[in-house]
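Trainee: Residues per chain, in single letters:
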Amino acid sequence: MAEDQDKILEEVTGGEYKYGFYTDIEMEEFPKGLNEDIVRLISAKKNEPEFMLEFRLKAFRHWQTMKMPDWAHLNIPEIDFNDIIYYAVPKKKPELESMDEVDPELKATFDKLGIPLDEQKVLAGVAVDAVIDSVSVKTTYKETLAEKGIIFCSISEAIQEYPDLIKKYLGSVVPHQDNYFGALNAAVFSDGSFVYIPKGVRCPMELSTYFRINAMNTGQFERTLIVADDDSYVSYLEGCTAPQRDENQLHAAIVEIVAMERAEVKYSTVQNWYPGDKEGKGGIYNFVTKRAICKGDYSKVMWTQVETGSAITWKYPSCVLQGDHSVGEFYSVAVTNNYQQADTGTKMIHLGKHTRSLIVSKGVSAGKSQNSYRGLVKVSKKAENARNFSQCDSLLLGDKCGAHTFPYLEIANNSAKVEHEATTSKIGEDQIFYCNQRGLSTEDAVGLIVNGYVKEVINQLPMEFAVEAQKLLQISLEGSVG
Amino acid sequence: MNKTCRIINLQEEYSQLFKENISLLENGAPEQMNVLRAAAFDSFISKGIPSNKVEEYKYTNLQPYFKGTFDVAFSSDGAINNNSEKFHCGVPNLDTYNVFMINGWFAQQDELSTLPKGVIIGSIRDKAKEHPEIFEKYYNTNAPVDSDAMVAMNTAFAQDGAFVYIPKGVVVDKPIQLVNIMTGENDRLIFQRNLVIVEENAQVKMMLCDHTISPQKFVINNLTEVFANENSIFDAYNVQNQHNLTTQVSGMFVHQKKHSNILTNNLTLHSGVTRNNIRVTMDDERCESHVYGLYLSDKNQHVDNFTFIDHAKPNCESFELFKGVMDDSASGAFTGRVLVRPDAQQTNAYQSNNNLLLTENAKINSKPQLEIYADDVKCSHGATVGQLDDEAMFYLRARGINENEGRILLMFAFAYEVIEKIRVEPLKENIRSLVEKRFRGEFDKCDSCVVCGQQGSSVSCL
Chain A
1 MAEDQDKILE EVTGGEYKYG FYTDIEMEEF PKGLNEDIVR LISAKKNEPE FMLEFRLKAF
61 RHWQTMKMPD WAHLNIPEID FNDIIYYAVP KKKPELESMD EVDPELKATF DKLGIPLDEQ
121 KVLAGVAVDA VIDSVSVKTT YKETLAEKGI IFCSISEAIQ EYPDLIKKYL GSVVPHQDNY
181 FGALNAAVFS DGSFVYIPKG VRCPMELSTY FRINAMNTGQ FERTLIVADD DSYVSYLEGC
241 TAPQRDENQL HAAIVEIVAM ERAEVKYSTV QNWYPGDKEG KGGIYNFVTK RAICKGDYSK
301 VMWTQVETGS AITWKYPSCV LQGDHSVGEF YSVAVTNNYQ QADTGTKMIH LGKHTRSLIV
361 SKGVSAGKSQ NSYRGLVKVS KKAENARNFS QCDSLLLGDK CGAHTFPYLE IANNSAKVEH
421 EATTSKIGED QIFYCNQRGL STEDAVGLIV NGYVKEVINQ LPMEFAVEAQ KLLQISLEGS
481 VG
Chain B
1 MNKTCRIINL QEEYSQLFKE NISLLENGAP EQMNVLRAAA FDSFISKGIP SNKVEEYKYT
61 NLQPYFKGTF DVAFSSDGAI NNNSEKFHCG VPNLDTYNVF MINGWFAQQD ELSTLPKGVI
121 IGSIRDKAKE HPEIFEKYYN TNAPVDSDAM VAMNTAFAQD GAFVYIPKGV VVDKPIQLVN
181 IMTGENDRLI FQRNLVIVEE NAQVKMMLCD HTISPQKFVI NNLTEVFANE NSIFDAYNVQ
241 NQHNLTTQVS GMFVHQKKHS NILTNNLTLH SGVTRNNIRV TMDDERCESH VYGLYLSDKN
301 QHVDNFTFID HAKPNCESFE LFKGVMDDSA SGAFTGRVLV RPDAQQTNAY QSNNNLLLTE
361 NAKINSKPQL EIYADDVKCS HGATVGQLDD EAMFYLRARG INENEGRILL MFAFAYEVIE
421 KIRVEPLKEN IRSLVEKRFR GEFDKCDSCV VCGQQGSSVS CL
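Top line first, the protein sequences correspond to chains A and B.
Each residue of the first sequence is one higher than the one before, starting from 1 at the first, in our numbering.
Each residue of the second sequence is one higher than the one before, starting from 1 at the first, in our numbering.
Same shape as in the complex, but just chain A (with noise of 0.2 Å):
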């Protein structure tokens, strides 16, 4: 029995990534390494405004001086920034009028993830504003946004046209002398969305957008900035397939969301990057810095996250809690699998009175992975009534995995209520025994119970969502297990 669980666990385990392709396009690259002129040529090569010029110089002499932190639970090789191409775009940049003058191999790329680009997108309601390698080439259904007063387009658009708006907002969440990556991608992003719901609006559709590294050796910085004003409400999709390569990658992005009075954003991701083979050759790199500042009262921020891929994922999207009576949600599935490593969780930072927060983080570790939840809840002396409640489990799936659990409470207040709890454990026997009872194999058992598991968060994503990232947990861990 045990046996027989054990091959079945390493067969569940043993599935090969399977959105391992490459698309051949032709890019355009600066030469390798990163120094002032880099800088500067990014910003000429975009066209931009002198204040984006001094905001990327001030990040960049301020990275300089950084070192990167090793606090982590991770063990990463050493990053050569030298050996990185820093901006990379698609030679021909296509003037879209229709899908036709879409490259075919490009539509081919979208097609192959899925991605409903074409006339069928009308009746899947998602708007996408598709990145391939750092630049958006394509952005769908603007009009019906912008009939609305919504703004859904890339970061460099948004420079160009609403410098206003990206003055006032960009690095006003994630500054650039935050943290080391954060530094990084301040200097050298390359391009991102950029949203902004007016006031009292309810966007209609699921925002989404998909990355995709599409070429050697390029280190992806996206920047992403949402901002919702006053009553309006947005959910954001990202997700990610990379193709299989065996050099590391770096990525390095920043999403920052501003929440205005009673606003409402939702996050969703799905990231599914490229884990490394199962010796844990290769696989990306995933730092990201995401933050959401819930600036005005009653607003809410939900973050729910479904990280499957990376070689090592280092992503804490926080909430920091500033509007009286905001609240901050975020919901968790990490699954690591091979040699994968993961040190997620979240920040909340209580700053306004009666601000509530609540996080669910399920972790699932596999074959030789190492899987860590780290999240700080902080109330601050002013922050009166706050309320938290953080969930922390662990599940393993074999014995050479790691599962560890570093959560931080810093309460300053006596008026604030905060709970953790963290469980570790693995498949309890008489659980696999209670479903072969009722005619399920022992295959089967594990995929159910690893299902239910993480339904809690899989349930908070939408639709379209929920459908894919139960689609990834099966890749990524359950192999041939439906």
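Mixed in with the good hints, there may be bad ones.
Unchecked claim - When the alpha-carbon atoms are kept at most 20 Å apart in a straight line, the in silico SDA-like pairs for lysine to any residue are as follows:
1) A:Lys426 - B:Asn315
2) B:Lys53 - A:Leu376
3) A:Lys400 - B:Arg341
4) B:Lys58 - A:His73
5) A:Lys353 - B:Thr359
6) A:Lys347 - B:Thr384
7) B:Lys378 - A:Asp399
8) A:Lys368 - B:Arg341
9) A:Lys426 - B:Pro314
10) B:Lys378 - A:Glu429
11) B:Lys174 - B:Ile120
12) B:Lys53 - A:Trp71
13) A:Lys417 - B:Asp390
14) A:Lys381 - B:Ser331
15) B:Lys437 - B:Ile401
16) B:Lys58 - A:Trp71
17) B:Lys58 - A:Leu376
18) A:Lys46 - A:Leu165
19) A:Lys400 - B:Asn315
20) B:Lys53 - A:Tyr180
It should be emphasised that the hints constitute simulated quantities derived from the structure, not laboratory data.
Got chain A; can you put chain B on it based on the hints?
Mentor: Structure of chain B alone, referenced to chain A:
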């Protein structure tokens, strides 16, 4: 012999203190202690006194407390003066074998003729020389100097402390109480190093009490290494009762062998700045360990409990419970690291940290951590921060209990969960009444201080 040192620049002046007095440090100390000094010192200097930049000391910056002008005793006559002999300590109704230390130096012990045969209790300096085979086998084998700067510092500077050896199969009938009295005319820097060995099938319960009896500033770095061999049972109750100017870094490093059962309970009732480093290594199968703590802080006190439970082998169980009540501007911290090493299957580890914040200036930082490298384990941890339950309070008030009394009742009920774990009946009773008094605010009055039993003394013990 006393020397006065002025510490402003930590690194330099501690270097100087060590290098200038190395011959005094080594004089009369057992060889094994001296052999380790240089390496320990290097490790200490390379790490320095921990600041809050060091992850393990994130919530306690020790640097400012280790600055100042201190007396350091380099021999027992420097530590022990006439004044200290007047002191008599004893928890009422508690029959113990008493061992006294003054400023970390072994001073006297009760007539111990009633001790079971083979039990060795005495100064680590003397006993190490009398029983080198025991001493050398164990000394510093469970407190690696590179693990912690304060361990390294203690290993470099410590000259005396208690040595306790319980031979095979001996069950010590009464608790052994190690009392360390801190006194002096000037501020003092104190080091103390204890070594406790509990052989196979032996049982012993110990109390470690630290008391300040003069109002000077004391900075103490003590370290107790415990070896619990097969089938042994060991209890340690660390009663910390010092005035607000005291800084204490207290290390308790326990090493467990097969089927051993240990319990440590840190009762921090009154202190200035307290940092407890508790480390339990379960180096064999089927060990059981209980690690508990209660901290009651007010004024500007700071208590930091750092625990590290190392499940190195399969089939072990650990239970951890720390509870704190923070009043006034007190701040507290808790770190509970549980490590389950690869192949330490069938591990059960439970950990819980609960805190009550009574005022808006009180602060608590809690950092429970699980690090797990084996799959067949049951580990859980929980941490809570909150206030007294309004509904429970309402229930009491509806039954005619006034608010103040209700508060005390609820706080006491909260703390009792830790007191309950004490396995020495008379001590449990004493701590119970002590804690209740503490909540009633009577604790500051010296005449009600039953811990040091200093009735009528002119010097406040707190």
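Trainee: All hints are to be evaluated individually against the structure, with a verdict given for each.
Mentor: Results of checking the hints against the structure:
Restraint check for Lys426 (chain A) and Asn315 (chain B): satisfied, since their Cα atoms lie roughly 16 Å apart, inside the 20 Å limit. In summary, the hint linking Lys53 (chain B) to Leu376 (chain A) is supported, as the alpha carbons are separated by about 17 Å, within the 20 Å threshold. Restraint check for Lys400 (chain A) and Arg341 (chain B): satisfied, since their Cα atoms lie roughly 10 Å apart, inside the 20 Å limit. A threshold of 20 Å between alpha carbons decides the hint, and for Lys58 (chain B) with His73 (chain A) the separation of about 16 Å falls inside it, so the pair holds.
For the given pair, Lys353 (chain A) sits about 17 Å from Thr359 (chain B) by alpha-carbon distance, which is consistent with the 20 Å threshold. The suggested pairing of Lys347 (chain A) with Thr384 (chain B) holds, with an alpha-carbon distance near 17 Å, which does not exceed 20 Å. Under the criterion of a C-alpha separation no larger than 20 Å, the hint pairing Lys378 (chain B) with Asp399 (chain A) is consistent with the structure, at around 13 Å. At most 20 Å may separate the alpha-carbon atoms for a hinted pair to count; Lys368 (chain A) and Arg341 (chain B) meet this at roughly 14 Å.
At roughly 16 Å between alpha-carbon atoms, Lys426 (chain A) and Pro314 (chain B) fall within 20 Å of each other, so this suggested pair holds. Restraint check for Lys378 (chain B) and Glu429 (chain A): the C-alpha separation of about 13 Å stays at or below 20 Å, so the hint holds. Of the pairs offered as hints, the one joining Lys174 (chain B) and Ile120 (chain B) holds, with about 14 Å between alpha carbons and a cut-off of 20 Å not exceeded. This hinted pair checks out: Lys53 (chain B) and Trp71 (chain A) have alpha carbons roughly 11 Å apart, not beyond 20 Å.
Simply put, Lys417 (chain A) and Asp390 (chain B) have alpha-carbon atoms about 12 Å apart, close enough for the 20 Å limit, and the pair holds. Our distance criterion of 20 Å between C-alpha atoms is met by Lys381 (chain A) and Ser331 (chain B), whose separation comes to about 13 Å. Simply put, Lys437 (chain B) and Ile401 (chain B) have alpha-carbon atoms about 18 Å apart, close enough for the 20 Å limit, and the pair holds. Simply put, Lys58 (chain B) and Trp71 (chain A) have alpha-carbon atoms about 12 Å apart, close enough for the 20 Å limit, and the pair holds.
As the CA atoms of Lys58 (chain B) and Leu376 (chain A) are separated by approximately 13 Å, the hinted pair is consistent with the 20 Å bound. Pair hint Lys46 (chain A) plus Leu165 (chain A) holds up; C-alpha atoms about 18 Å apart against a cutoff of 20 Å. With a CA separation close to 17 Å, the supplied pair Lys400 (chain A) and Asn315 (chain B) stays within the 20 Å bound. For the proposed pair Lys53 (chain B) and Tyr180 (chain A), the alpha carbon gap of about 17 Å is at most 20 Å, so the pair holds.
Of the hints listed earlier, there is not a single one the structure fails to meet.
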